[in-house]
Every structure is written in C-alpha cells, then in structure tokens.
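Asker: Sequence:
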Amino acid sequence: MKGYIASRVLQSFALIIGVLFIVFIMLHITGDPVSLMVSRNASPEEIEELRHELGFDKPLIIQFLNFLKGAATGDFGMSLRYRQPAMKLIIERLPATIQLATVALLFSLIIGVPIGLLGGSNPNTPLDFMARTTGLIGQTVPSFWLALMLIVVFAVKLRWFPAFGRETVKILGINFPTKSIVLPAFALSFFTTGQLARFTRSTVLEVKNEDYISTAYSKGLPRRIIYIRHILKNAAIPIISIIGVQYSYLLSGSIYIETIFSWPGLGNLLAEAVFTRDFGLVQATAFFTSVVVVVLHMLTDIAYGLADPRIRYG
1 MKGYIASRVL QSFALIIGVL FIVFIMLHIT GDPVSLMVSR NASPEEIEEL RHELGFDKPL
61 IIQFLNFLKG AATGDFGMSL RYRQPAMKLI IERLPATIQL ATVALLFSLI IGVPIGLLGG
121 SNPNTPLDFM ARTTGLIGQT VPSFWLALML IVVFAVKLRW FPAFGRETVK ILGINFPTKS
181 IVLPAFALSF FTTGQLARFT RSTVLEVKNE DYISTAYSKG LPRRIIYIRH ILKNAAIPII
241 SIIGVQYSYL LSGSIYIETI FSWPGLGNLL AEAVFTRDFG LVQATAFFTS VVVVVLHMLT
301 DIAYGLADPR IRYG
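All residue numbers for the sequence shown refer to our numbering, where the first residue is 1 and numbers rise by one.
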C-alpha cells in the first residue's frame with residue numbers, strides 16, 4: 001500500500017510541475033506580456049520600468065526559475081489591479097468558492113444518486129427512463145443558459161431568491177451564505193447531477209450482472225438483503241471514487257456561474273484578472289486551482305485503492 005501511495009504522490013508532483021510550466025508558458029505565448037499590461041499611452045520608459053519591476057528583462061530560464069521559487073513559497077507577486085499580493089486575494093476568495101462547490105455537490109448527491117439507484121434497480125421501467133433522461137439533460141443543457149433562466153424565473157419573476165451577490169450570516173465567526181447560494185449552486189450542480197445519475201445507474205446495472213449476485217438469488221436470499229448487502233455495497237465503491245473527481249470539477253469549473261451571479265469566488269476573480277490583463281493574478285489563480293484539482297484526484301485515487309485492493313495490486 002505504501003508503494004501505491006508513493007507512486008500516486010510522485011505522479012501528482014510531476015503533474016504539478018507540468019502545470020507550472022504550462023502556466024508560465026501562458027504568460028509568454030501571446031507575445032510581450034508587459035505590452036499587454038500597460039495602457040496604450042504608456043511611454044517607452046514606463047514600459048521598461050514595469051518590465052524591470054516584474055523581472056521580464058531577465059533571460060527566460062531565469063524567469064522560469066524565479067517563477068518556480070515563487071510558486072514553492074506561494075509568492076506570485078502583486079496584483080496590478082488590486083495592489084495586493086496575488087495569493088492573499090486567492091485566500092480571501094477561496095471560502096466563497098468552497099461553499100458554492102460544496103452546496104452544488106450536495107445537490108448533485110441528493111438528486112443524482114437516488115435517481116441513478118432507482119433507474120439501475122428497475123431497468124426498462126419509467127424510473128429507468130427518468131434516470132436516463134436526467135443524465136441526458138444534465139449533460140447537454142449549457143450551465144450558463146440554465147443560470148440565466150434561473151435568474152429570470154426565480155429571481156426576477158417569482159422573487160424567491162436574490163439574482164446576484166453573496167449574502168451571508170456569521171455563525172461562530174464564519175460567514176455562511178444564506179438563500180443567495182441556492183441558484184448558483186443549483187446551476188453549477190446540474191451537469192454533475194446528470195453525470196452522477198448516469199454513472200450510478202450504469203454501475204448498479206453492472207453489479208447486478210455479476211455472478212455472485214446470481215448466486216445470492218439462487219440461495220434464496222431476500223431481494224432487500226441482496227440489494228443492501230451486495231448490490232449497493234459494491235456499487236458504492238466506484239460511486240464514491242467519482243465524487244472526488246466531480247468535486248474538483250465543481251471547484252475549478254465555476255467561472256461562468258460565479259461571473260453570471262457575481263459570486264465573489266475564485267472563478268470570478270480569474271475572470272476579472274483576465275479582463276483587466278492582471279497576468280500575475282491569472283497565473284496565481286490558474287496554478288492554485290490546478291493544484292487543488294491534482295491533489296483531489298490524488299486523494300480520490302488513494303481512497304479508491306484503500307476501498308478496493310484490486311486497484312493497488314492490479
């Protein structure tokens with residue numbers, strides 16, 4: 001088991017180094033980054049001063065080494081727009097994104113998994129049709145369109161929820177969002193709900209066709225016991241493994257949703273940084289989000305290996 005964990009950690013570390021290289025190249029592939037940061041009326045002296053301040057006057061290899069050093073210490077420089085350290089801004093916005101992704105995941109689990117279980121347990125029935133339809137609609141409806149429709153119906157016409165912003169209430173010193181999180185979380189969860197419904201249904205159907213399930217039926221075990229002790233127990237392992245992957249998607253894929261709902265999270269921060277050409281903040285946000293995704297995938301792989309010995313010894 002130690003070897004399995006070590007291999008996953010090394011793979012994740014190598015992937016993070018690759019992400020660092022890609023993030024660094026992003027800054028240079030579009031040309032001179034300094035010319036994109038300054039205004040059109042900037043003088044050559046001002047451009048050179050900014051280039052020296054940001055270290056872009058040094059050889060490329062030196063820039064990359066400095067970038068690696070900064071990434072290792074969490075120092076991505078100052079945000080040109082906010083005049084604050086880029087990592088400080090990320091830490092301030094992180095709780096809002098975590099709350100949004102967590103509530104969205106809860107919506108997906110509460111809706112998607114039961115629908116998938118019902119569909120897989122009752123193939124070729126109306127319940128199965130509902131599960132397949134949920135998976136299809138969830139994976140085809142664009143999230144930005146759904147977000148706009150939710151605003152029009154539930155915020156503008158019915159006035160049940162606020163359309164924009166993040167309203168919070170402080171409990172034990174922590175700001176928890178109120179009903180303002182419902183619409184963005186539901187819009188963000190829609191794709192994941194469809195995936196979980198579809199994956200859960202197919203997993204249950206696959207487990208039902210295993211030989212040990214036929215053996216359990218031949219022994220005369222009650223249907224309820226077979227489902228609880230054998231089908232659901234064995235179907236839960238791959239379902240749990242995909243939850244970590246889906247959570248990383250919710251954390252990193254909320255740019256459109258946060259922008260539409262003016263939700264003050266990492267996605268909104270990244271969009272603002274791109275629009276204002278704040279490249280230091282773009283690098284920091286892209287790298288931080290990528291590292292979170294890689295770490296979550298690594299933890300999911302390790303948890304899957306602990307739950308199913310065939311994975312780590314296969």
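Keep in mind that the hints are not guaranteed to be accurate.
Said to hold, decoys possible - Mimicking DSS-like on lysine-lysine, the simulated pairs with C-alpha atoms at most 30 Å apart in a straight line are:
1) K208 x K219
2) K170 x K88
3) K88 x K69
4) K157 x K179
5) K233 x K219
6) K58 x K69
7) K179 x K208
8) K179 x K2
9) K219 x K170
10) K88 x K179
These aren't lab readings, by the way, just hints derived from the structure by calculation.
Asker: Taking the hints in turn, state whether each one holds.
Answerer: The hints, checked one at a time:
Between K208 and K219 the alpha-carbon distance is near 15 Å, which keeps this suggested pair within the 30 Å criterion. Taking the CA atoms of K170 and K88, the gap is near 21 Å; set against the 30 Å cutoff, the hint holds. Under the criterion of a C-alpha separation no larger than 30 Å, the hint pairing K88 with K69 is consistent with the structure, at around 17 Å. Of the pairs offered as hints, the one joining K157 and K179 holds, with about 16 Å between alpha carbons and a cut-off of 30 Å not exceeded.
Using a Cα cut-off of 30 Å, the hinted pair K233 and K219 holds, with the two alpha carbons roughly 19 Å apart. Annotation: proposed proximity of K58 to K69 holds, straight-line Cα distance about 15 Å (limit 30 Å). As the CA atoms of K179 and K208 are separated by approximately 40 Å, the hinted pair breaks the 30 Å bound. About 44 Å separates the Cα atoms of K179 and K2, which puts this hinted pair outside 30 Å; it is violated.
Proposed proximity of K219 and K170 is contradicted: the alpha carbons are some 56 Å apart, above 30 Å. Distance hint between K88 and K179 is fulfilled; the C-alpha atoms sit about 27 Å from each other, no more than 30 Å.
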